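Asker: Sequence:
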Amino acid sequence: MIHHLPKDERPYEKCRRLGADRLSETELLAILLRTGTSQQDVLELADRILHFSDEKCGLDGLLKLSYRDLTSIPGIGCVKAVQILAVIELSGRLARAALPKRREFLSAESVGSYYASVMRGYRQEHVILVFLDAKNRMIGEYVLSKGTILSAQADPREIFIEAVRREAVSIILVHNHPSGDPTPSQADLRLTHRVREAGDILGIPLKDHVIVGGDHYRSLYADGIFC
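Residue numbers are given in full-length UniProt numbering: position 31 of the sequence shown equals residue 31, and the series is strictly consecutive.
Note that these hints are calculated values from the structure, not bench results. Quick caveat: nothing in here was measured; it's all calculated off a predicted structure. One thing to keep in mind: the hints can contain errors.
As the list claims (entries may be wrong) - Straight-line Cα separation of at most 25 Å, SDA-like style, residue types lysine to any residue; simulated pairs: (1) 64 / 147; (2) 146 / 127; (3) 146 / 124; (4) 7 / 34; (5) 135 / 124; (6) 7 / 52.
What the hints assert, rightly or not - Label pairs and their calculated CB-CB ranges: (7) 17 / 134: 50 to 56 Å; (8) 4 / 137: 44 to 50 Å; (9) 157 / 79: 42 to 48 Å.
All C-beta atoms in this analysis are idealised placements derived from N, C-alpha and C, irrespective of residue type, glycine included.
Please construct the entire structure, taking both the sequences and the accompanying hints into account.
Answerer: Below is the structure:
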């Protein structure tokens, strides 16, 4: 219980009275947690989660917390940790569901901004193959690899088998760096050249390779890698 607060200022009552949009992030998380511990009330526990470390702080930090991180916090057992992770995943899916399904990718910015939103909070590296029609509209996507080393797992043969199957006119590669730094590695550059060469031979050109890191992205096409 939060005995030091007037009843109408406690998170549950405040939400009912004013609406969820009037609550702080700490108060919203406290509602999810429901209870604190004998040493700290639920608001203090929520605040501790949101200030887990200098690198994992606030909502952006919450997205990066793992099950192990959460259960290392006194007062967070397996049930609360799983509940928090489930809400984080659900919020990401809701955000992606609200995005238009048929997107035009006419610039590096349109690709980068879209996938920076989609990949926000991904804790593992994902390599996504984006299929485009003749008007540069997305007709589908395919997760090429997840949580593995990019250069070892992204096989150009698999890429173009999928591209032919989807009747793609061109493709874009997108992958994230969970570190938050979108600077391309040597493996990223080698993959780009291999896929671009194969695409030129098969008549399904690689339009771009976009690397997402946190809220930032790098377009290898815009960087001149394709020149």
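Asker: Would you mind marking each hint as holding or not holding in the structure?
Answerer: Each hint, compared with the structure:
| no. | hint | result |
| --- | --- | --- |
| 1 | 64 / 147 | holds (15 Å) |
| 2 | 146 / 127 | holds (6 Å) |
| 3 | 146 / 124 | holds (7 Å) |
| 4 | 7 / 34 | holds (15 Å) |
| 5 | 135 / 124 | violated (32 Å) |
| 6 | 7 / 52 | violated (28 Å) |
| 7 | 17 / 134: 50 to 56 Å | holds (54 Å) |
| 8 | 4 / 137: 44 to 50 Å | violated (56 Å) |
| 9 | 157 / 79: 42 to 48 Å | holds (44 Å) |
Violated hints, listed in ascending order, are 5, 6 and 8; each of the other numbered hints is respected by the structure.
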